[in-house]
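Since the structure of chain V is provided, determine the placement of chain H on it from the hints.
2 protein chains.
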Amino acid sequence: MHAISPLAPEAFPSLAPVAGVRLAAGCTGMRYQGRDDLLLAELAPGTTIGGVFTQSRTCSPPVEWCRARVRKGKARAVVINAGNANTFTGRDGRRAVAATAAAAAKLVGGKADDVFIASTGVIGVKLPVDKVTGLLPQIHGALAAEAWGKAARAIMTTDTFAKGATATATIGGAKVRINGIAKGSGMIAPDMATMLAFVFTDAKLPAPAVQALVRAAASRSFNCITVDGDTSTSDTLLLCATGQAPHPRIARAGDPRLADFRAKLEAVMRDLAQQIVRDGEGAQKFVTIKVTGAASAEAARRIGLAIGNSPLVKTAIAAADANWGRVVMAVGKCGEKADRDRLRISIGGVKIAAKGEQVSGYDEAPVASHMQGRDILIEVDVGVGRGAATVWTCDLTHGYIDINGSYRS
Amino acid sequence: MHAISPLAPEAFPSLAPVAGVRLAAGCTGMRYQGRDDLLLAELAPGTTIGGVFTQSRTCSPPVEWCRARVRKGKARAVVINAGNANTFTGRDGRRAVAATAAAAAKLVGGKADDVFIASTGVIGVKLPVDKVTGLLPQIHGALAAEAWGKAARAIMTTDTFAKGATATATIGGAKVRINGIAKGSGMIAPDMATMLAFVFTDAKLPAPAVQALVRAAASRSFNCITVDGDTSTSDTLLLCATGQAPHPRIARAGDPRLADFRAKLEAVMRDLAQQIVRDGEGAQKFVTIKVTGAASAEAARRIGLAIGNSPLVKTAIAAADANWGRVVMAVGKCGEKADRDRLRISIGGVKIAAKGEQVSGYDEAPVASHMQGRDILIEVDVGVGRGAATVWTCDLTHGYIDINGSYRS
Numbered sequence: 000m001h002a003i004s005p006l007a008p009e010a011f012p013s014l015a016p017v018a019g020v021r022l023a024a025g026c027t028g029m030r031y032q033g034r035d036d037l038l039l040a041e042l043a044p045g046t047t048i049g050g051v052f053t054q055s056r057t058c059s060p061p062v063e064w065c066r067a068r069v070r071k072g073k074a075r076a077v078v079i080n081a082g083n084a085n086t087f088t089g090r091d092g093r094r095a096v097a098a099t100a101a102a103a104a105k106l107v108g109g110k111a112d113d114v115f116i117a118s119t120g121v122i123g124v125k126l127p128v129d130k131v132t133g134l135l136p137q138i139h140g141a142l143a144a145e146a147w148g149k150a151a152r153a154i155m156t157t158d159t160f161a162k163g164a165t166a167t168a169t170i171g172g173a174k175v176r177i178n179g180i181a182k183g184s185g186m187i188a189p190d191m192a193t194m195l196a197f198v199f200t201d202a203k204l205p206a207p208a209v210q211a212l213v214r215a216a217a218s219r220s221f222n223c224i225t226v227d228g229d230t231s232t233s234d235t236l237l238l239c240a241t242g243q244a245p246h247p248r249i250a251r252a253g254d255p256r257l258a259d260f261r262a263k264l265e266a267v268m269r270d271l272a273q274q275i276v277r278d279g280e281g282a283q284k285f286v287t288i289k290v291t292g293a294a295s296a297e298a299a300r301r302i303g304l305a306i307g308n309s310p311l312v313k314t315a316i317a318a319a320d321a322n323w324g325r326v327v328m329a330v331g332k333c334g335e336k337a338d339r340d341r342l343r344i345s346i347g348g349v350k351i352a353a354k355g356e357q358v359s360g361y362d363e364a365p366v367a368s369h370m371q372g373r374d375i376l377i378e379v380d381v382g383v384g385r386g387a388a389t390v391w392t393c394d395l396t397h398g399y400i401d402i403n404g405s406y407r408s
Numbered sequence: 000m001h002a003i004s005p006l007a008p009e010a011f012p013s014l015a016p017v018a019g020v021r022l023a024a025g026c027t028g029m030r031y032q033g034r035d036d037l038l039l040a041e042l043a044p045g046t047t048i049g050g051v052f053t054q055s056r057t058c059s060p061p062v063e064w065c066r067a068r069v070r071k072g073k074a075r076a077v078v079i080n081a082g083n084a085n086t087f088t089g090r091d092g093r094r095a096v097a098a099t100a101a102a103a104a105k106l107v108g109g110k111a112d113d114v115f116i117a118s119t120g121v122i123g124v125k126l127p128v129d130k131v132t133g134l135l136p137q138i139h140g141a142l143a144a145e146a147w148g149k150a151a152r153a154i155m156t157t158d159t160f161a162k163g164a165t166a167t168a169t170i171g172g173a174k175v176r177i178n179g180i181a182k183g184s185g186m187i188a189p190d191m192a193t194m195l196a197f198v199f200t201d202a203k204l205p206a207p208a209v210q211a212l213v214r215a216a217a218s219r220s221f222n223c224i225t226v227d228g229d230t231s232t233s234d235t236l237l238l239c240a241t242g243q244a245p246h247p248r249i250a251r252a253g254d255p256r257l258a259d260f261r262a263k264l265e266a267v268m269r270d271l272a273q274q275i276v277r278d279g280e281g282a283q284k285f286v287t288i289k290v291t292g293a294a295s296a297e298a299a300r301r302i303g304l305a306i307g308n309s310p311l312v313k314t315a316i317a318a319a320d321a322n323w324g325r326v327v328m329a330v331g332k333c334g335e336k337a338d339r340d341r342l343r344i345s346i347g348g349v350k351i352a353a354k355g356e357q358v359s360g361y362d363e364a365p366v367a368s369h370m371q372g373r374d375i376l377i378e379v380d381v382g383v384g385r386g387a388a389t390v391w392t393c394d395l396t397h398g399y400i401d402i403n404g405s406y407r408s
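Residue numbers (numbering that gives the first Met the number 0), protein chains in the order written: chain V, 0 to 408; chain H, 0 to 408.
Please keep in mind that the hints were generated in silico from the structure rather than gathered at the bench.
Hints may be right or wrong, so weigh each one.
Any copy, or any two copies together, can satisfy a pair, since identical chains are not distinguished.
To be verified - In silico BS3-like cross-links for lysine-lysine, where the CA-CA straight-line distance does not exceed 30 Å: (1) Lys336 to Lys71; (2) Lys125 to Lys336; (3) Lys71 to Lys263; (4) Lys289 to Lys125; (5) Lys354 to Lys125; (6) Lys130 to Lys354; (7) Lys336 to Lys289; (8) Lys350 to Lys125.
None of the values given here were measured: they were computed from a predicted structure.
Chain V with its partners taken away, still in its complex shape (with noise of 0.2 Å):
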């Protein structure tokens, strides 16, 4: 429909096998015609799961199933449809879910609380469960390790490129391997940012160890990129741990063993993220805002995407305007403590601010040079204490404005 973003990757990764995952989509035609919008992930029985979801006061049956499911930690398959986001349909709603669960749960031979659900579309419209459960025994008897890229393809919504991302950890010795997958383009701020991710491993790993782990990881991935500061109702994070890998066994996230698992876990799902934002809807440029001196991480991520999240930051970017001026209003509106007298501010690794005022001397130039770049450096140090964090953010283009005027979400 759109463009493929120019901040797109290349190309899609390879993404080899994850033992213990199998994937195949089909087209439902509830909402597409002629791609794929139903995708079944088939899990080994033993994989363990965790997951992060939307703080959304209105979220989704699915949402709600897989909340209350990911505590008992255990998974057999996991079933996307990118038509429809069977968000504000009641109770209707709430059984198309375990209609689906429950379909796919006789394919895999599992439970239907074992199978999670996420879905992304238009919002309070009724899910045709029909097409869902109709489809599923098709695309199960094409289940293959291979089909990433198609997996990935079959999530997407307002998305311009399929977003996928892949590491080999060790863990004691042992190769394991991180996969995932993840849609979203508009909608997207945390808690979480507006999307769904879904990372496999290998990895042989107790289902609170699974949580924690994915848990941290989002909160310095996902949890730190924004478009447009709406939050979906559907966000679902979820990473599954089949346990194939022949590692020592680890009882805790904590675990010294898994130092590089931890570090790629992080890696594969900043990347995607990152991905996310480079596929935000009009997205010209991508910025990274790096935050300093803050009271707190915390109070560093929130000041990141309170100027991440500015409309007038964002159209002061996409017109190549080194407006730093928007960033002295957009950390003084955002009730974190700064301090306006020691607040600095460089872009592109330019010093502009300091003290209070435009560093003497100042000469635009070379600002101006970077501001007309794809890729927009933002370094703000607010001056009050040892809190960092770094934030992903694109800039707001006539593009955003199309896509949404002319997109039912």
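Leaving out everything else, chain H in the frame of chain V:
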């Protein structure tokens, strides 16, 4: 620079003199050519004053100056310039304020501490204060009681029309006048809505009463509007009471004889606030959001602002799309208590959603027709209490992006 907003009132209202107030404006040339950008309001001896200011942590030297002096409650002049915000300008910025106050004080025969200053325009550029102090004697010579339209025009920045409102109230049988002018178009969000507003009355009121009255009226007017969720460093609202009206002595804001005055003051301030929204950068539609059933009035206001600030809601309105699902999303994201399954949503008076789903037999045609109009009404009952509030906003259009990509605020 930009076409007059299609939501503008037909004409600037006729504002009769307020006894004890004289106005004059002139052109400093610091930013604009061929239009006034400096306003002097002279106030009779004995004038009391109250004010509400931006909550920004990076507020401007003029805001700091006014906040420190408004507690004393006395005013002899207000000086406003529209070419430069004098924000993030360090010690020189503070000196510029003091020099401006001293120059105006000398002219009106009062103390510098009784002169209030407001500035709006670009952030981070030093104010050429000589252009202000040099022009003040000349415009002081032109002070007049009838210059309200000229005054309102002199404080505009990206505004496409001048904003004024007036009312006559009765206090203890005597007539008092209330005149207000305001500017604001973007960077508009509580607290305070970004803007400058100056309200003058000939009522005779002690300063603590003036302060209480202006704060209460702000909470139901300027603090209930949003254009883009961005808060200025310079928001200033002042209420000046010259004490020239021959009404009985009033000691407290709660005096029952002030009932009519309170209502008229709120009406004038609401009128000005709504005019700011009607001049929202790029605005094509004026949106009223009525929230009921919230946990408190403050919760209702926050929910209304979450809806009114949502880029997805605002772009849908711009496209005349009756996309009520995005209202569900905005209610859900804002963190205030809401019950998804008791939530009720109407647009243009047509019930759309209730009991957690779309109402049965919903016909979108009348709602689609309403969305084509200039005035949009969204009503939301969140189903948890008795708190209510009304919030006003505008749509988000290509015009907003054009204006903010080209204006260096």
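Checked hints:
{"no.": "1", "hint": "Lys336 to Lys71", "in the structure": "between (40 Å within a copy, 28 Å between copies)"}
{"no.": "2", "hint": "Lys125 to Lys336", "in the structure": "between (45 Å within a copy, 25 Å between copies)"}
{"no.": "3", "hint": "Lys71 to Lys263", "in the structure": "within (25 Å within a copy, 60 Å between copies)"}
{"no.": "4", "hint": "Lys289 to Lys125", "in the structure": "between (42 Å within a copy, 27 Å between copies)"}
{"no.": "5", "hint": "Lys354 to Lys125", "in the structure": "between (56 Å within a copy, 14 Å between copies)"}
{"no.": "6", "hint": "Lys130 to Lys354", "in the structure": "between (62 Å within a copy, 25 Å between copies)"}
{"no.": "7", "hint": "Lys336 to Lys289", "in the structure": "within (16 Å within a copy, 32 Å between copies)"}
{"no.": "8", "hint": "Lys350 to Lys125", "in the structure": "between (53 Å within a copy, 18 Å between copies)"}
Against the hints set out earlier in the document, no violation occurs for any number.
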